[in-house]
Amino acid sequence: MLLSLHMLAATRPALPDVLVFAASAAVILVGALGVVTSRNPVHAALALVMTLFGVAVLFIEQEADFLAAVQIIVYAGAIVVLFLFVIMFLGVDRRDDIEIEPLVGQRPLAYLLIAITLAGVILMLVSAHWVTGAHQVVGPIEGPITSSAGSPSGEPAQLGKQLFTTYLFAFEATAALLVIAVVGAVVLARRPPVPQDADSADADTESELPS
Amino acid sequence: MSLAGGWYLGLAAALFAIGAVGLLVRRNVLIMFMCIELMLNAANLTFVTFARMLDDIGGQALVFFVLVVAAAEVVVGLGIVVAIFRRRSTTVADDLNSLKG
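Chain order of the listed sequences is A and B. All letters in the first sequence, in the order written, are residues 290 to 500 by the numbering used here. All letters in the second sequence, in the order written, are residues 3 to 103 by the numbering used here.
Any given hint might turn out to be false.
A few chain B residues facing chain A, derived, Cβ under 10 angstroms [as the list claims (entries may be wrong)]:
{"no.": "1", "residue": "G7"}
{"no.": "2", "residue": "A15"}
{"no.": "3", "residue": "F18"}
{"no.": "4", "residue": "I33"}
{"no.": "5", "residue": "L40"}
{"no.": "6", "residue": "N43"}
{"no.": "7", "residue": "L101"}
Beta-carbon label-pair distances, calculated as ranges [what the hints assert, rightly or not]:
{"no.": "8", "chain 1": "B", "residue 1": "G12", "chain 2": "A", "residue 2": "D354", "range": "35 to 43 angstroms"}
{"no.": "9", "chain 1": "B", "residue 1": "V71", "chain 2": "A", "residue 2": "H424", "range": "20 to 28 angstroms"}
{"no.": "10", "chain 1": "A", "residue 1": "P445", "chain 2": "B", "residue 2": "G12", "range": "22 to 30 angstroms"}
No lab work stands behind these hints, which were simulated from the structure alone. Ideal placement from N, C-alpha and C gives every residue a C-beta, glycine not left out.
All chains, full assembly: derive it from the sequences and hints.
In structure tokens form, the structure reads like this:
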């Protein structure tokens, strides 16, 4: 398996893969720039959907089929819809002025800091030949072709097996986290009871009681 | 055979940079949340790429957990945004300055 890295770097990739990567990269970057630069929050949410679809295509390209499906279902299907619901619920879908710079020198400083960080990360990765670490700490990614007979084949089955054996505790913890998040969202979104209304309601019920 | 991993990592770095710039520059809280989602997606793309390069399914399992945590974070964050909007009628981060002396 150590050889596969050199094979990845040495062999010329097939033309369809290059085309898929270029198209998805263009979709991802255009969508991301749309999120950052659009004035209308609804347009930003739609640009976010574009980026998420591009990332899902790259997941499929890298043999992570299950994650691509989850990406579409959870991100594009649930999270972005939640964003759109909140945008329209609050009625903030008016355009904001992105030309005004509230803090003097904030934007050049932001660009500079991000550029320095990005350059540092890329330099570090290139000097380390992009990847360091041990091969197959948890388990290999087996394609459908190389699966052993008798066991369910493919990457989703393997991912499920790992989730319910190696990562079982973390899986249960995420279940608890989701429950806590739902309860927290309900508590946060609940309208706080107004005290004087409650008092008057109590008074009304008391006055209605037969004495 | 897919492309070399460096291309994917470079794309993820660019995506993360765009998200970070948006988080620093934009003032609408909802769009800041979307920029956080962009950064999380860049991290997910990096995880999947490393999973392929190291031939380890653990990277993909980690992406699964990142997705779950991102969903929980968005739910709670948008709940906080709704609560703030009820009280202050704004989603612009600069208007939330009631602790300012």
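Hint check results:
{"no.": "1", "hint": "G7", "result": "6 angstroms, holds"}
{"no.": "2", "hint": "A15", "result": "6 angstroms, holds"}
{"no.": "3", "hint": "F18", "result": "8 angstroms, holds"}
{"no.": "4", "hint": "I33", "result": "5 angstroms, holds"}
{"no.": "5", "hint": "L40", "result": "5 angstroms, holds"}
{"no.": "6", "hint": "N43", "result": "5 angstroms, holds"}
{"no.": "7", "hint": "L101", "result": "17 angstroms, violated"}
{"no.": "8", "hint": "G12/B x D354/A: 35 to 43 angstroms", "result": "23 angstroms, violated"}
{"no.": "9", "hint": "V71/B x H424/A: 20 to 28 angstroms", "result": "27 angstroms, holds"}
{"no.": "10", "hint": "P445/A x G12/B: 22 to 30 angstroms", "result": "28 angstroms, holds"}
Of the numbered hints listed earlier, those contradicted by the structure are 7, 8.
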